[in-house]
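*Asks:* Residue-level listing of the chains:
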Amino acid sequence: MPEVIVPIGPHHPALKEPVNFRVIADGEKIVRLELDLSYNHRGIEKAAEQRDFIRVLPLLERVCGICSHSHSSAFAKGIEEIMQIEIPPRAQYIRTIIAELERMHSHLLWLGVAAHEIGFNTLFMWTWRDRELVQDTLEEMSGNRVHYGMNEVGGVRCDLTPHQVSTALERLPFLEERIYQYVDMVNDQQTLLLRFKGVGKLTREEVLKYGAVGPTARASGVDYDARRDDPYFVYTEVPWNVVTDTNGDVYGRTCVRIGELRESANIVRYCLENLPKGPVRVNAPKIAPEGEIFSRYEAPRGELAHFIRTNGTNKVERVDIRTPTLANWTSVAMCLVDQNLADIPVIVAAIDPCLSCTSRITLINTPGGKPGIVTFDELRKRGQTYCQEQGPP
Amino acid sequence: MAALPESISQRLVNWARIKSPWITLFNSGACNACDIEVIACLMPRFDIERFGILAKGSPRHADILIVTGHVTLKQASRLRRVWEQISEPKYVIAMGACGASAGAFHGLYHIMERVEDVIPVDVYTAGCPPRPDEIINAVVTCLNLLKEDQVHGGKEWRQNKSDEMMKPIERKVEM
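From first to last, the protein sequence lines are chains W and Z. Residue numbers are given in the numbering used here: position 345 of the first sequence equals residue 345, and the series is strictly consecutive. So the number in the numbering used here is just where the residue sits in the second sequence, counting from 1, plus 393.
Isolated chain W, as found in the complex (with noise of 0.2 Å):
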């Protein structure tokens, strides 16, 4: 049978943000997928360099609307770490609560999301209807549902009161109650069990091969998480534990994340209960010396990284991003590979994949209107004749 191109996107109902799936199927299986995930590109990179570090957190927290939190925190953790400011414990420790809360809202999404996928509405609801609770108390805390915008280089912009903590802490038996169900829905249900178990699976060796990081690497056994392996903000004081799975498939990376969703409540209320006294913020200098740095962070969907490279004014020179669904893509195109057509939907939901971080752009060949790859020695090469035309600086 002669293969098929089956165009999915940039505008469709199962997805949520544009993209560009182009899967290649032979009858109802996957031969191939091609990607375009170049529809949210904005240009945030370029636009960091030209803004202080003061305008630039709220640039970065709106690379992604989910994991906000992440992007300002990696970014100001890694300008501290060159301007050598220590931040308050305080500080610390509502940081690292309102990291969590971001992990819990992001997960219980996720595990919307999933089981929307495979129209299992139910726990959809339910899953959201949880979710608001993590919200209001995200909204006390910050005074915003989404962009919280708690972080300021050198510390946070707002303290905690004893009455967010409190109402914060009552808040978290019930959620917890309701985590327990879902650990004993996603093991009972044949709903779930039918659509997860041996789909989109991925053995150790192909996650390392690949670099998948975060619940999708976790979920095959790779003992991997940036918050025990290169700690930040608190968590070598706080009892927890990396949640690993061996089943590599959609189920496992459903255990991971239903594991990880236990652990940050435990993290949540170690945190609220042991809040340190003090400062939340010290004064940080306007300009950072010159230095690189590179600042890894745990996103809720793996590992995120920021490359910042300062140049002793008030600006930073470079800023690159490298998130968690750029490093999961190839994950997926390799395990859709030999599956059904109609699993698409949940293997690619099972990353959880966030597209306004990932894009990058395209290069189109614009006399023959086709996308095309650089190589590395062409953009070399490139980069070489510019420079010879431009001259000695």
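A couple of the hints might just be wrong.
With a Cα cut of at most 35 Å, we get these calculated DSBU-like pairs of lysine-lysine [what the hints assert, rightly or not]:
| # | chain 1 | residue 1 | chain 2 | residue 2 |
| --- | --- | --- | --- | --- |
| 1 | Z | Lys449 | Z | Lys540 |
| 2 | W | Lys209 | W | Lys197 |
| 3 | W | Lys29 | Z | Lys449 |
| 4 | W | Lys16 | Z | Lys483 |
| 5 | W | Lys381 | W | Lys209 |
| 6 | W | Lys16 | Z | Lys540 |
| 7 | W | Lys46 | W | Lys315 |
| 8 | W | Lys16 | Z | Lys412 |
| 9 | W | Lys315 | W | Lys381 |
| 10 | Z | Lys548 | W | Lys16 |
| 11 | W | Lys201 | Z | Lys449 |
| 12 | W | Lys16 | W | Lys29 |
| 13 | W | Lys16 | W | Lys209 |
| 14 | W | Lys16 | Z | Lys449 |
| 15 | W | Lys209 | W | Lys46 |
| 16 | W | Lys46 | W | Lys277 |
| 17 | Z | Lys483 | Z | Lys548 |
| 18 | W | Lys315 | W | Lys277 |
| 19 | W | Lys197 | Z | Lys449 |
| 20 | Z | Lys412 | Z | Lys449 |
| 21 | Z | Lys449 | Z | Lys483 |
| 22 | W | Lys286 | W | Lys315 |
| 23 | Z | Lys483 | Z | Lys540 |
| 24 | Z | Lys540 | Z | Lys412 |
Keep in mind that the hints were calculated from the coordinates and are not lab data.
Position chain Z relative to chain W; hints supplied.
*Replies:* Positioned in the frame of chain W, the structure of chain Z alone reads:
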């Protein structure tokens, strides 16, 4: 379009349209924040389905197009195409600061400044992102516009009205 809908079938259609507006969501390059807030509207806490508002995947089924965020250059032609697919009468809500003026992304190289540069916008919502309550408010505002448009027989009266509103300001400038 006629000044007043005359036939019974047309009146029935208008009534149904006001009772049950269907929305479609278009992510024109936004950061996801507006999208998750729109989906949060469908959830048990806010539950816009009790007002008859239903989210639809296809633009051909929809009455109201919600554009989340600024428009990237690559999405502009797609947004235009999706808007053209919606059947009349159609209304557009531009979400948040990005929809009005690109918000935090003002001046970036790969985005259009406003949604209005691509398609006509009827209602703006404030916020980054707007809360679900505000999104519901925007849809209700759209419905009120729809009612008034049915009385006036089209959208043209609003454009004239906004021209009239502009005139006193111009006079002030002259003085």
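*Asks:* Could you run down the list of hints and mark each one as holding or not?
*Replies:* Against the structure, the hints come out as follows:
1. Lys449(Z) x Lys540(Z): 22 Å, holds
2. Lys209(W) x Lys197(W): Judged against 35 Å, a Cα distance of about 23 Å means the pair holds.
3. Lys29(W) x Lys449(Z): Holds, at about 28 Å.
4. Lys16(W) x Lys483(Z): The given pair, whose Cα atoms are some 22 Å apart, holds under the 35 Å limit.
5. Lys381(W) x Lys209(W): 29 Å, holds
6. Lys16(W) x Lys540(Z): Holds - the C-alpha atoms of Lys540(Z) and Lys16(W) are around 31 Å apart, at most 35 Å.
7. Lys46(W) x Lys315(W): This hinted pair holds, its Cα atoms lying about 12 Å apart.
8. Lys16(W) x Lys412(Z): 26 Å, holds
9. Lys315(W) x Lys381(W): 30 Å, holds
10. Lys548(Z) x Lys16(W): 30 Å, holds
11. Lys201(W) x Lys449(Z): 32 Å, holds
12. Lys16(W) x Lys29(W): 24 Å, holds
13. Lys16(W) x Lys209(W): Distance of about 29 Å is within 35 Å: holds.
14. Lys16(W) x Lys449(Z): 12 Å, holds
15. Lys209(W) x Lys46(W): 31 Å, holds
16. Lys46(W) x Lys277(W): Measuring from Cα to Cα gives roughly 39 Å; hence the hint is violated.
17. Lys483(Z) x Lys548(Z): 10 Å, holds
18. Lys315(W) x Lys277(W): 32 Å, holds
19. Lys197(W) x Lys449(Z): 30 Å, holds
20. Lys412(Z) x Lys449(Z): Since the Cα atoms of Lys412(Z) and Lys449(Z) sit roughly 16 Å apart, the hinted pair holds (cutoff 35 Å).
21. Lys449(Z) x Lys483(Z): 14 Å, holds
22. Lys286(W) x Lys315(W): 9 Å, holds
23. Lys483(Z) x Lys540(Z): 13 Å, holds
24. Lys540(Z) x Lys412(Z): 11 Å, holds
In summary, the one numbered hint that this structure violates is 16.
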